[in-house]
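Using the sequences and the accompanying hints, generate a full structural model.
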Amino acid sequence: MTRNIKIKAAVIVAVILVCIYGIIGIPKSKDELVANWKKNIHLGLDLSGGTQLVMQVQLQDAFKAFADTSMDRLKEEFKKDNIAFGAMDRNDPGRLEDADKIEIDIKGVTGAQTGTFRSTIADQFSEWVLTPVNVTDYKLTLKPTEALKLKHDTMTQTMATIERKINGLGLAESSVQPTGRSDAEAELLVQLPGVDDPAHVKQLLQTQAVLEWDEVKDGPFTTREEGLTKHGGVLPLNTKLVPTVMRGGQQSWYLVSRSPIVRGTDIRDASAAQDQSVGRWETNFVLTQEAARRFERYTEANIGNRAAIVVDGQVISAPTIQSRISDTGRITGAANQEEAADLSLNLRAGSLPAGVVYEEERTVGPSLGADSIREGFRAGIAGLLAVVVWMLVYYRRSAINATLALILNAIILVAALSYFDATLTLPGIAGVILTIGMAVDSNVLIFERIREELRAGKAVVAAVDAGFSKALATIIDTHVTTVVSCAFLFIFGTGPVKGFAVTLVIGLIANVFTAVFVSKTIFDFELSGKRQVTALSI
Amino acid sequence: MELFKNTNYDFLGKKWPFIILSLILTAAGLISLALKGGPRYGIDFRGGALVTVTFAQRPPVDKVRAALAAHNLNADVQEVQGSPDDIIGIDVRDDKALQAARQTIVDSLAASFGQPNNGKYNINAGGASALADRLRDALQAASVPVSDQQLNDLAANIMDYRKLHSGLIHNLDELASVKGVTPSILNVIKQQAYPDTLAIVGTEVVGPRIGAELQRKAVLAVLYALGGMLVYIAFRFEWIYGAAAVIAVFHDTIITLGLFSLFNKEISLTVVAALLTLVGYSMNDTIVTFDRIRENLKIMRREGLEPLINRSVNQTLSRTVLTSGLTLLTALALFLFGGHVLNGFAFALVCGIIVGTYSSVFIASPILIFWHNFLEDRKRPGTGPASVAKEPVGVPKAPKEKVRGGAARVK
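Top to bottom, those sequences are chains A and B.
Quick note: the first sequence uses my numbering, first residue 1, plus one each step.
Quick note: the second sequence uses my numbering, first residue 539, plus one each step.
FYI, nobody ran anything at the bench for these hints, they're computed from the structure.
Watch out, some of these pointers could steer you wrong.
[Unchecked claim] Reference listing, derived: stretches of chain A covered by chain B, where coverage requires no fewer than 3 residues with Cβ under 8 Å from a Cβ of chain B: (1) 374-387; (2) 433-445; (3) 477-483.
[Stated by the list, open to error] Pairs of lysine-lysine, DSBU-like flavour, derived with a Cα cap of 35 Å: (4) A/8 - A/28; (5) B/728 - A/202; (6) B/836 - A/8; (7) A/458 - B/543.
Model, not experiment: these values are computed from the prediction.
Glycine included, C-beta positions come from ideal geometry on N, C-alpha and C.
Here it is in structure tokens:
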């Protein structure tokens, strides 16, 4: 074996090891092997089963709400400044495209007050642009920068709310993201692996947040298991373990009472306010009369204990009860205005800032996904086996090279998907099938070339060399052409078409490596041992 | 073993019957497409609702249709091809109230073919967490000691069992074999739950706007990809090679689409993936042939283009037959045994491999010859109709070999 072959062999072994590590890690047991495999190989919803929703956020709702709040504030300010006006109203944009055409009309401002009126709006309502319609009537339109910000905020808040709601369902692998289509900024894609009842999820998204104040019995614990172990593995009657919302990747758990002290419906109002003396932000809330009586009794008995504010099954805050509270209370400890405002929003409703319209909904029951994987996998394996048998008959020992190259190709492909964190979907499998087709073709091309060279009377070693080098030109051409087409598919295609392109490109690169480099090295190795090679099993 | 040793078939001499066959197939496909008003798009592209249901005992399709019609649902009910015969697909094309349609289908099916629930939990619907929630208090009440973790595992195991049995549990006693189910737990399950005789295994609702969008994007992506390949091949060979290859691939796609229309099969997103596969496959095949022609042009400069192409096709015949045969084998296996989800996909692959292999020889190669002859006619004054006006008088006639080289020059 020459030095050259040794180096090549070392490269090949290194690639194999890196790939196998990428697929299964270093498992210590059979269970761990299966677990690592499941962790590294992500199956798309069409294979694993689950629900996918595409929704359009009705941004115009948020714009209308913003105009309504502004109108309330305007009326307040005008009252303070003694500005009289005839009427105030806003228009009603019905479609998403018209969202930023929102405007507020103010009519009947007397000439004498124009100056105050203008300065009030310029000072306090800088989000709006004031345009006079005639001597007494005015129109307010939203500044383009403010409109953009409002759109962005609405989308972020919608995503955060949806995320919190589905996380509350315990769906760990679910994701909420913009669909990313350039012409559809208001679209969100929600993926829920393992959910086969989308009606339930949609209902949950539409309902207001489920809010409770629960009695904290124990905690916080760093993990759920810690909480369980402390109570001997079985939770005390009428209690539950509830996680806090994720903050900076951190989460802790509280053991709380199953029946809440106060429910969301008991809260009449909530708002963020600044503490007059210290200047800290806090959240004020007002309870209904009936709840106030209950809350008074409870807080009186539990001063110094904690109560957990649970929204959609997640603890958003666990304040300590400082004093007896009846109908109004405040929650202190917010880090900034935003946090206090968020909490007040959650207390009020916690619902989506704008309505959503569902544009697409796909559910693949896990069994349908499992069936298609099983049948497709079986058929694919049967087909591949037939291919291998045929090649062995046709090319005899050389076919072993081809088979090894094929297997290695599959390993590299799977490992690359795992390293790139890519998701394997049905169209992706189409890419794999084309890869296998072209891999078989590469081997056939090479072998046929070697045969031709042998027929032309070349010696075995020379024929192998010539066969590989001549076939290489063809293989490069076919592969590069396909990679070029994949580049276009990736740039211009949507989800499934992209998935196809990605797996195909990975497969083709792996194929040039296995069919040309690996297979040639094996040939060289076989031929190098013998002094005079007169026959080749091909 | 060698099947094709030094063959010398005159492929291009017999090109006309095949080209005519291609034209007939293309025409048949196009006529079918025209008569049916375009391809039969799946709900991915046209929008609509599709519900896939599995029954313990499948009722006749007519009865299902009647049950849905009773709820004012104009649905297309079909047995799903290539699947165990207890699955049917229900397809509503109504643009309006798609969301409602899905729920109505589910409800009316449950009413007509399902079992009454009598306040019990349907174990063939819903997921693991719902099942665990339902059993938690009942187990506590029956004083069966189960921790939260155990309960969740138990529910997950039951769901796994359901998943492996086509999504339908026929009888609760089956669950005795599931890991973690003790006789006392099974008793509680029996008190709380019942197995319905049908299960919804898949639903898809696609709004018409998204459908149109997907269709536009997919077509655009494919056209750009074809353009990219044309440019690359033109760069590596000659532009006519690029054009010939793209025309051949286009021909394959049209014929496959035509076959889909003739066999009344639906074009779904998966089928689009298969069409992409066939484009890649056919292109691969054509380039292998072209590559050989290019190589032969270097070493056999004295031979005419037609015999040269013939020889190139013969030289690659063994490889063509073998590769196509092997890939066709896999595609056929997928078509026959791959299950209903992959059926349309595999059908496109089978068509594509056959047509794609054939088009390299009988479509792409003749185009090279036609172009070559056209150029030659133009350069010979007075013979070709195209040459008369354009050819300046007095240009010396180019030597034959050079013209040939010009038609298929090697870069």
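Verification of the supplied hints:
Coverage of the region 374-387 of chain A by chain B holds in this model, with 11 residues showing a Cβ closer than 8 Å to a Cβ of that chain against a need of three. Judged by the Cβ-Cβ criterion of 8 Å, the region 433-445 of chain A is covered by chain B as claimed, because 9 of its residues qualify and three suffice. Under a criterion of three residues with beta carbons nearer than 8 Å to beta carbons of chain B, the stated coverage of the region 477-483 of chain A is upheld, 5 such residues being counted. Taking the CA atoms of residue 8 of chain A and residue 28 of chain A, the gap is about 30 Å. The hint holds against a cut of 35 Å.
Simply put, residue 728 of chain B and residue 202 of chain A have alpha-carbon atoms about 30 Å apart, close enough for the 35 Å limit, and the pair holds. Pair hint residue 836 of chain B plus residue 8 of chain A holds up; C-alpha atoms about 33 Å apart against a cutoff of 35 Å. Taken as a hint, the residue 458 of chain A and residue 543 of chain B pair is honoured in the structure, with Cα atoms around 17 Å apart against an allowance of 35 Å.
Going down the numbered hints, you'll see the structure goes against none, and every one checks out.
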